[in-house]
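**Student:** Now for the letters of each chain:
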Amino acid sequence: MHRLLIASILVVALVFVALTLVIVTAKAWREIRERVRRAKRRVLEPIVLGYAHGNAASILPALGGRLATADRGVVEEILLDHVQRVRGIERERLGKALDELGYVDRYLAGLKSPRWWKRAESAENLGLAGSSRATAGLLVALEDPSYEVRLRAAKALGAIGGRAAVAPLLRALSEPNRWSTIRIADLLSQMGRPVVDELIAAFPTLNLHAKLAALDILGRVHSLDAVPWLNARLADGDADVRSRSAAALGAIGVVDSAPALRQALGDPAWPVRAMAAKSLGKIHDAEAIPLLCAALRDREWWVRANAAEALKLAGPMGIEALEGMLDDADLYAKHQACLMLEESGILDRRVAQLASSGAVRDAAESIVRSFVQAGQDGRLRELAAGHAEPKVRKALARLLPEQAEEAAR
Amino acid sequence: MNWTALLQDVIVGFNVFVVLYFLALNTVYLVLFLISLRAVVKFVRRTFFSDYRQIMQSDMTWPISVLVPAHDEEKTIVETVRSLLMVNYGEFEIIVVNDGSNDGTLAALVGAFELRRMDRPYKRAIPTAHVRAVYGSLAHPNLTVVDKVKGGKSDALNAGINLARYPLFCSIDADSIIEDNALLRVVKPFMERPNETVAAGGIVRIVNGCEVKDGRVTRISLPDRALPIFQVVEYLRGFLTGRVGWSNLQSLLIISGAFGIYKKQEVVEIGGYTHDTDTEDLELVVRLHEHMRRKKQPYRVVFVPDPVCWTESPESLRVLARQRNRWHRGLLQTIWLHKRMLFNPRYGAVGLFAFPYFAVFELLGPFVETFGYAMVVLSYLLGVLDTQFFLLFFVAANLYGVFLSIAAILLEEISFRRYPGWVDLTKLLTYSVLENFGYRQLLGLFKVKAFWDAIRRRRAWGRMQRRGFGQEPQPERRAG
Chain L
852 MHRLLIASIL VVALVFVALT LVIVTAKAWR EIRERVRRAK RRVLEPIVLG
902 YAHGNAASIL PALGGRLATA DRGVVEEILL DHVQRVRGIE RERLGKALDE
952 LGYVDRYLAG LKSPRWWKRA ESAENLGLAG SSRATAGLLV ALEDPSYEVR
1002 LRAAKALGAI GGRAAVAPLL RALSEPNRWS TIRIADLLSQ MGRPVVDELI
1052 AAFPTLNLHA KLAALDILGR VHSLDAVPWL NARLADGDAD VRSRSAAALG
1102 AIGVVDSAPA LRQALGDPAW PVRAMAAKSL GKIHDAEAIP LLCAALRDRE
1152 WWVRANAAEA LKLAGPMGIE ALEGMLDDAD LYAKHQACLM LEESGILDRR
1202 VAQLASSGAV RDAAESIVRS FVQAGQDGRL RELAAGHAEP KVRKALARLL
1252 PEQAEEAAR
Chain B
-13 MNWTALLQDV IVGFNVFVVL YFLALNTVYL VLFLISLRAV VKFVRRTFFS
37 DYRQIMQSDM TWPISVLVPA HDEEKTIVET VRSLLMVNYG EFEIIVVNDG
87 SNDGTLAALV GAFELRRMDR PYKRAIPTAH VRAVYGSLAH PNLTVVDKVK
137 GGKSDALNAG INLARYPLFC SIDADSIIED NALLRVVKPF MERPNETVAA
187 GGIVRIVNGC EVKDGRVTRI SLPDRALPIF QVVEYLRGFL TGRVGWSNLQ
237 SLLIISGAFG IYKKQEVVEI GGYTHDTDTE DLELVVRLHE HMRRKKQPYR
287 VVFVPDPVCW TESPESLRVL ARQRNRWHRG LLQTIWLHKR MLFNPRYGAV
337 GLFAFPYFAV FELLGPFVET FGYAMVVLSY LLGVLDTQFF LLFFVAANLY
387 GVFLSIAAIL LEEISFRRYP GWVDLTKLLT YSVLENFGYR QLLGLFKVKA
437 FWDAIRRRRA WGRMQRRGFG QEPQPERRAG
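Chains L and B are the protein sequences, given in the same order.
For the first sequence, this note's numbering begins at 852 and goes up steadily by one.
For the second sequence, this note's numbering begins at -13 and goes up steadily by one.
No lab work stands behind these hints: they were computed from the structure.
A hint or two may mislead.
In silico DSSO-like pairs for lysine-lysine, Cα to Cα no more than 27 Å straight-line [stated by the list, open to error]:
{"#": "1", "chain 1": "B", "residue 1": "K28", "chain 2": "L", "residue 2": "K969"}
{"#": "2", "chain 1": "B", "residue 1": "K325", "chain 2": "L", "residue 2": "K1133"}
{"#": "3", "chain 1": "B", "residue 1": "K61", "chain 2": "B", "residue 2": "K199"}
{"#": "4", "chain 1": "B", "residue 1": "K136", "chain 2": "L", "residue 2": "K963"}
{"#": "5", "chain 1": "L", "residue 1": "K878", "chain 2": "B", "residue 2": "K28"}
{"#": "6", "chain 1": "B", "residue 1": "K325", "chain 2": "B", "residue 2": "K282"}
{"#": "7", "chain 1": "B", "residue 1": "K109", "chain 2": "B", "residue 2": "K61"}
{"#": "8", "chain 1": "B", "residue 1": "K325", "chain 2": "B", "residue 2": "K199"}
{"#": "9", "chain 1": "B", "residue 1": "K282", "chain 2": "B", "residue 2": "K250"}
{"#": "10", "chain 1": "B", "residue 1": "K109", "chain 2": "B", "residue 2": "K281"}
{"#": "11", "chain 1": "L", "residue 1": "K969", "chain 2": "L", "residue 2": "K947"}
{"#": "12", "chain 1": "L", "residue 1": "K963", "chain 2": "L", "residue 2": "K947"}
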């Protein structure tokens, strides 16, 4: 037992010493390398940028005729950094430099690495280099077993201008990973209108997850041509498809979709009604105001909340409708109307009008009374205690029941 | 009967038990470390391909409600909210719940963010203490402050859940600061596997010693005092080896209350946070496991090692004792509440491994250690102490502790490297050795006392002495 303990102590002590050495050595090595890298970058960056902004046929003369092995990493880092920041001819020249100095060949070889992150990194860098030589290799990488590699390859092909990436990207939409869906949406939306057509054409073949993602993408792309097609999707058999179509129409934000969205406010599924209300708010559709007022009485909270928000966004007519809803028989509708009038600062404005006279004051008093009757008097109490205008404080004290009683006592 | 002989037999038996216990515990630690090492290396590789900017800018990213329960937090609350408002994330709302503060927490918020009362209707999906008022800000439309009667942290969180509008909510302590990209990083598991992920947590690091400006940590360094440095080492070990390991075994039982994100629907389904324990964060996660297992739905509770939440740690022994007392009481209460999960195959790896680990090692470990020391004294008095064996065992146990701490520092150095200076690294290495001689034993004593307090049903939150970020220490306040 003693021997075993002594042996284990020795082993643990050795491991401890080894780990400490590894930590210290790795840190020292990292810091030295970083210092050297920074020093080299200070020298090489102006040379690379001089080439990018100039008109020399090759970068090599500026680098002294050949690129030293020790400088390869730093030059690559500079080229990759700047190729992402510039556009046009400078980007082309930096891409050409990456090719000329042999980096593109290395990335092409990297696409065959057994390590997935090397393949992914190579695909990413080929996209940045923008070399048309990479198309064949990237097309093969579209079938890579690693999802990250496939995505990077598709992104690179998109950057190079290859339409071959569209089909695999659409296929990838069926994967349930929303993180990647967002990235795919970004790639597809950058590719422009023809992708929208392909998306619509492929829609019936997609699974439900991909269909929903496709609808989100159409909203993101803001394609006006997709509006009639999206309007038709509001009659789809699946409630999720209908609600996402309504959301997409709101994101595109054209009045053409208003009639279909108004109809969707009567959908049996509440998510569709909620999204339709939200989208109508984004479109600022005046004709929808009576329907949105009715939606304030919906049994679902989200529909009421979105309808109220839509009325708030509809401008003076919407605000007028909200004030009209203060006397509604439905308590939930009243509460939503109160909140929107508070959030938009209308209540404060009305309260300030208590200091005026005549019809303006009467209208303001009526609004305040409606708030009190609805039991939504928190803000009014705050104003009664701290409003800058004594006349307003006095009027509020009279209108707020407890304070009026207190004043009477 | 010879009582002395019997006592000697008991002591020898106990010593054998301690050795076996030590072997079992450290085997678990070693396995967890190896799993964590693999997971962290893999994680760092994947992080390179995360495209956080794209995700942030997309309106397809899930919106989040950030809940900040606050009780007597006037010194830090404004800075915390400012840091949250600056977070890099697409759509999010911040709901600060002022849980019956006796100081100027509410006034500080009203003044700093131009709050005004809003009569916001909401569904009381979870019962809570009376909500006095809801405040909104015209300058910051995504900021809501709830003023309610004191009901404790769990009650405040439940009130926040009731007001939350989004499908995910994130709980953050009022004395904490999250880094700019922390929400984006911690939401990633939900986006990657939306149907399965029910909860995720980030790493909590200690802000003492760091420089904080305008709600951001601008310079990272270790504190000067020994006690917080011990806690830095302890947190590194706990998060980078413990939680990463358990998360990879699909058995993570705790997501720190200081920074965790949950699917609202699942939490509402189980009735929100409970008032029955002193560690509502631990209990919630255990109940989520239980709930999901019963529903027989595939699910995940995930620890993500790179989103950072900076938090103040106790700087005095008294405050530390209270904090650990509460944590250990909470552990005991949670294990007791869910004892049916222990060794129950119905709960899978959680019931068969993680929960028993917490019961046998985390809960009872301090007893074994403390009684172990007592037995050494007793053995010596009875003349049955094998001094050479004892000394060797003591050295082995402590060296192993040092190894685990150094291993955690190694994980930190190969991955996130938050402490850049040589002085900081030297301090970390030194304190990872020193913590085994005094600090660890002290924590054991605090936990034994917590057990005693739990039996006597003494409950106290264990007030944290707030300095305010970047402030000098102030006289301690009494426990609440």
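**Student:** Next, verify each hint and record whether it holds.
**Tutor:** Hint check results:
1. Proposed proximity of B/K28 and L/K969 is supported: the alpha carbons are some 13 Å apart, at most 27 Å.
2. With a C-alpha separation of about 52 Å, the suggested pairing of B/K325 with L/K1133 is violated against the 27 Å cut-off.
3. As the CA atoms of B/K61 and B/K199 are separated by approximately 14 Å, the hinted pair is consistent with the 27 Å bound.
4. At roughly 62 Å between alpha-carbon atoms, B/K136 and L/K963 are farther apart than 27 Å, so this suggested pair is violated.
5. A distance of roughly 20 Å separates the Cα atoms of L/K878 and B/K28; the hinted pair therefore holds under the 27 Å criterion.
6. Among the hinted pairs, B/K325 with B/K282 is consistent with the structure: their alpha-carbon atoms are about 19 Å apart, no more than 27 Å.
7. At roughly 32 Å between alpha-carbon atoms, B/K109 and B/K61 are farther apart than 27 Å, so this suggested pair is violated.
8. Proposed proximity of B/K325 and B/K199 is contradicted: the alpha carbons are some 45 Å apart, above 27 Å.
9. Distance check on the hinted pair: B/K282 and B/K250 sit about 19 Å apart at the alpha-carbon level, within 27 Å; holds.
10. This hinted pair checks out: B/K109 and B/K281 have alpha carbons roughly 25 Å apart, not beyond 27 Å.
11. Of the supplied pair hints, the one linking L/K969 and L/K947 holds, its CA atoms being roughly 22 Å apart against a limit of 27 Å.
12. Pair hint L/K963 plus L/K947 holds up; C-alpha atoms about 22 Å apart against a cutoff of 27 Å.
Violated hints, in rising order: 2, 4, 7 and 8; the structure is consistent with all others.
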